[in-house]
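Engineer: This is what each chain is made of:
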Amino acid sequence: MLRIDQATYDALVEHAKRDHPVEACGMVVGPIGSDRPARHIEMVNAAGSPTFYEYDSTDLFQLYKEMDDRDEEPVVIYHSHSATEAYPSVTDINLAGEPGAHYVLVSTREHGNNPGPVEFRSYRIIDGVVTEEEVTIVDTVIPEESS
Amino acid sequence: MAIEVRIPTILRTYTGGEKAVDADGATLSALIDALDANHPGIKDRLVEDKGNGIELRRFVNVYINDEDVRFIGSLDAGLSDGDQVVILPAVAGGAA
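Heads up: the protein sequence lines correspond to chains E and R, in order. Quick note on the numbering used here: the first sequence kicks off at 1 and runs consecutively. Quick note on the numbering used here: the second sequence kicks off at 148 and runs consecutively.
Next up, chain R with everything else stripped away, as it sits in the complex (with noise of 0.2 Å):
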């Protein structure tokens, strides 16, 4: 099982420079687990902890083949070989 994650310039120091890995895991949650695993630390940036559990943070955005995950069941949304799965930092700010 193979799925191609697309690393946002400014997680690439986890993954060496790789703008690309392959990882694999049948949901979102387990797909960040074995990314971890290869690359330590860019767990920590992509979800954080929300009463007893974890959640995707609020300013970074995954999708799964084109798909905003928040809509899709976010950490449980499911994935199958071949998927693709993108992960883009928001773009946002502001005075407040």
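Next up, chain E with everything else stripped away, as it sits in the complex (with noise of 0.2 Å):
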């Protein structure tokens, strides 16, 4: 299950929406071993596509480092959909790299830059597999709850 706080879910689908018709592409990462999404980057999808995400590789090598400063891990990797659902398409699943991770998927494909709900959907995906997962949105996530 993600469990995820009220005022970083709103981040994730306003974010989402902004780059309409582009896919977003961030994570919210948290300390190591914690599971709690506690820290949101929105990063710059370098693909600037409608269909593609990519960091840019600088921008990934900075974001890695500081959180080895910081003693963070990826704990939500998410990105957009403008166009279909909110499943990891092939792609995705290819390139998932972050087995501790949770995959979040915003479909933005109803409403687009406007007003309205999106789909938000949570995955597992590991060596290929994808599971998808519960989400729970919690006015705060404190580290006894997530633990």
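Some hints here could point you the wrong way.
The calculated lysine to any residue pairs, modelled on SDA-like cross-linking and capped at a C-alpha distance of 25 Å, are [as the list claims (entries may be wrong)]: (1) R:Lys197 / E:Glu72; (2) E:Lys17 / E:Thr140; (3) E:Lys65 / R:Thr162; (4) R:Lys190 / R:Asp213; (5) R:Lys166 / E:Thr140; (6) R:Lys166 / R:Ala243; (7) E:Lys17 / E:Arg39; (8) E:Lys65 / R:Lys197.
Covered, in the sense of this in silico footprint (three residues per stretch, anywhere, with C-beta under 8 Å from a C-beta of chain R), are these stretches of chain E [stated by the list, open to error]: (9) 38–51; (10) 55–67; (11) 78–85; (12) 116–130.
These are calculated hints, taken from the structure and not from any lab test. Just so we're clear, the structure is a prediction, and the values are computed from it rather than from any experiment. In this text, a Cβ means the ideal position worked out from N, Cα and C, and glycines have one as well.
Bring the two chains, given one by one in their own frames, into a single complex with the hints.
Structural biologist: In structure tokens:
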């Protein structure tokens, strides 16, 4: 199960809507081993595409260096699909490189840049196997709750 | 000669869970061969056949002292004692 706080959830949805029709991407990182999405980081989609996303290689390096310095790891790795459902594509599955992370997909196909509900779904992707998981939105994720 | 190589989570199955290992080599290509000698199979995750040779896989990033090797010769990039090599899988995907 992914437990995420309302403010972070809203920020991911807002990012996806703002960048629509380009795919938005980013992470929510947290203390190593905590499974607690604590710090939201929007990343630039270097591909600038409505059907593909990729972090710039220098941005990627800086992000991992910063996480290393702060004893953090990726807890949520998210991106949007702007014309299809919020389900991992074959590309998403083949390129999923963090077996410990929650892969969140947000689909903006219904309302685009406009207000309105989105699909927000979370998955584990391990060795090419996709497992959807429940998303629980809470006011605040406190460490005791998520351990 | 010792060069520290930082291993991403997804490749730690090849290093017995180690986050960093030492290896040597005068070029990235030689370093990867040395890595593979101690951690068989890891090379195939980093490079692929291209024509008569090999090249870095498209969705693998390697950095030497903070610099993306694609800007400094890729597999031919030179290495010296004390350099630090970081391997990171690309974070990429999408509906296509």
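Engineer: So, for every hint listed, does it hold in this structure?
Structural biologist: Tested hints:
1. Simply put, Lys197 of chain R and Glu72 of chain E have alpha-carbon atoms about 36 Å apart, too far for the 25 Å limit, and the pair is violated.
2. Of the pairs offered as hints, the one joining Lys17 of chain E and Thr140 of chain E holds, with about 23 Å between alpha carbons and a cut-off of 25 Å not exceeded.
3. Between the alpha carbons of Lys65 of chain E and Thr162 of chain R the distance comes to roughly 21 Å, so the proposed pair stays at or under 25 Å and holds.
4. A hinted pair counts as satisfied when its Cα atoms are at most 25 Å apart, and Lys190 of chain R with Asp213 of chain R qualifies at roughly 21 Å.
5. For the hint pairing Lys166 of chain R with Thr140 of chain E, the CA-to-CA distance comes to about 32 Å; that exceeds 25 Å, so the pair is violated.
6. For the hint linking Lys166 of chain R to Ala243 of chain R, the alpha-carbon distance of about 33 Å lies beyond 25 Å, and the restraint is violated.
7. Taken as a hint, the Lys17 of chain E and Arg39 of chain E pair is honoured in the structure, with Cα atoms around 20 Å apart against an allowance of 25 Å.
8. Distance check on the hinted pair: Lys65 of chain E and Lys197 of chain R sit about 31 Å apart at the alpha-carbon level, beyond 25 Å; violated.
9. Counting residues of the segment 38–51 of chain E whose CB lies closer than 8 Å to any CB of chain R gives 5, so the stated coverage by that chain holds, three being the minimum.
10. As drawn, the segment 55–67 of chain E meets chain R at 7 residues by the rule of a beta-carbon pair under 8 Å; at three or more, the given contact holds.
11. With 5 residues having a Cβ less than 8 Å from any Cβ of chain R, the segment 78–85 of chain E passes the three-residue criterion, so the hint holds.
12. With 0 residues having a beta carbon nearer than 8 Å to a beta carbon of chain R, the segment 116–130 of chain E misses the requirement of three or more and the stated coverage is violated.
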